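Novice: If you're matching them up, the sequences are chains A and B in order. Taking this note's numbering, the leading residue of the first sequence gets 1, the next gets one more, and so forth. Taking this note's numbering, the leading residue of the second sequence gets 1, the next gets one more, and so forth.
One thing to keep in mind: the hints can contain errors.
[Stated by the list, open to error] Derived, one-sided and incomplete: chain B residues facing chain A with beta-carbon distance under 10 Å:
1. 3
2. 20
3. 36
4. 53
5. 82
6. 83
7. 85
8. 89
9. 90
10. 107
It is worth saying that the hints were derived from the structure and are not from the lab. Just so it is clear, the structure is predicted and the values come from calculations on it, not from any experiment. All C-beta atoms in this analysis are idealised placements derived from N, C-alpha and C, irrespective of residue type, glycine included.
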Amino acid sequence: MSAEGPADSSAPPPTESPKTPPRRSGAQPVEHGSAAWRRLGRALSPKLSKAQITAGLLCMLLGFAAVAQVRQVGKADFSELPQDRLVELLGRLDVQADQLIEENRELERERDRLASDQTNEAAAIEAAQKRAEVQGILAGTLPAEGPGIELTVTDPSGKLTGALAYTLVDELRNAGAEAISLGSIRITGSSYFLDPEDGQGVVVDGILADSPYVWRAIGQPSTLETALRMPGGVLAEIKAQGGSWTLQARDRLEIEAIKILPPPEYAAAVE
Amino acid sequence: MIALLGLVAGVVLGLATQMDVPPVLAPYLPIAVVAALDALAGAARALLDGLFDDRVFVVSFFSNVLVAATLVFIGDQLGVGSQLSTAVLVVLGIRIFSNAAAIRRKLFSA
């Protein structure tokens with residue numbers, strides 16, 4: 001700061017406070033005080049001196065700058081922040097960004113995990129459905145279709161027995177038949193054949209079946225046919241009993257008959 | 001009187017124009033304002049001492065502002081901008097306080 005002798009109005013350094021005469025003569029503080037007040041009053045009186053105008057202009061400049069600065073602070077813009085504060089803000093943002101990136105990564109991992117779980121689950125459901133289908137066909141609870149044979153047996157004399165029907169089913173199974181039906185009755189592993197107490201026909205699973213017997217079996221047609229036509233086999237036996245038959249190999253055969261299985265009362269699946 | 005009127009006029013002008021501080025001046029303006037306040041306090045004290053001189057007031061006003069801004073600028077260049085700003089503010093604050101104390105002693109003898 002410019003130090004220009006005693007007239008330095010910007011105030012001398014605090015350590016060098018000027019010792020004005022009234023100040024030194026501490027005996028007359030009142031007089032000194034009134035002198036100061038007089039000067040103040042003179043300065044405040046509205047008169048257009050060069051000093052007054054100069055001071056007024058500078059004060060106007062100061063007021064203007066102060067107001068502008070206050071408004072600037074109120075706006076809290078980044079532009080007037082000092083460099084180190086900006087660096088600090090930047091560092092904090094970097095840390096925040098790192099945390100967010102890490103969180104993002106974690107969430108993506110979680111999402112991928114859930115998605116793969118879903119596909120696994122879908123695959124499991126598909127496998128289970130396929131298994132249920134296979135089991136259903138084998139257990140006779142689902143309609144089945146595929147290549148096979150259709151055998152129509154007529155027995156006008158009513159000599160065919162349950163035992164013969166059982167033999168026929170046995171032959172078909174041995175030849176690899178996967179689904180068998182007699183008329184509207186699905187033949188399964190638990191099917192049984194009885195001779196009725198009176199009259200003719202065969203009782204299958206409690207249902208009376210009578211001539212003509214329409215057997216359907218899904219499997220490899222040639223194998224099934226060979227098995228049935230075997231000399232001394234089932235068909236020969238039927239003929240010997242006085243029955244007749246027609247055998248047709250089909251590329252596509254449908255077995256609509258299904259077996260209703262009662263739900264197991266005692267057995268439960270092993271988990 | 002004219003000085004007070006000028007101060008009020010400046011405040012009103014600042015509020016009325018709604019001028020934005022140019023970004024180049026932004027770091028220096030707060031320090032400059034405080035330096036000008038210091039000059040003003042010094043002027044008031046000199047006035048009460050009967051030593052007021054408008055030429056000195058003008059020179060000290062602008063030199064105060066200039067030196068303060070230069071210090072801040074140098075501090076920014078050296079990477080100690082905020083520390084140096086604080087140092088300048090502390091010194092100016094002490095000067096304003098001592099000037100205010102001198103004014104008080106002259107007006108109230110206490």
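Novice: If a hint holds in the structure, say so; if it doesn't, say that too.
Specialist: Verification of the hints:
| no. | hint | result |
| --- | --- | --- |
| 1 | 3 | 4 Å, holds |
| 2 | 20 | 7 Å, holds |
| 3 | 36 | 5 Å, holds |
| 4 | 53 | 5 Å, holds |
| 5 | 82 | 5 Å, holds |
| 6 | 83 | 9 Å, holds |
| 7 | 85 | 7 Å, holds |
| 8 | 89 | 13 Å, violated |
| 9 | 90 | 12 Å, violated |
| 10 | 107 | 5 Å, holds |
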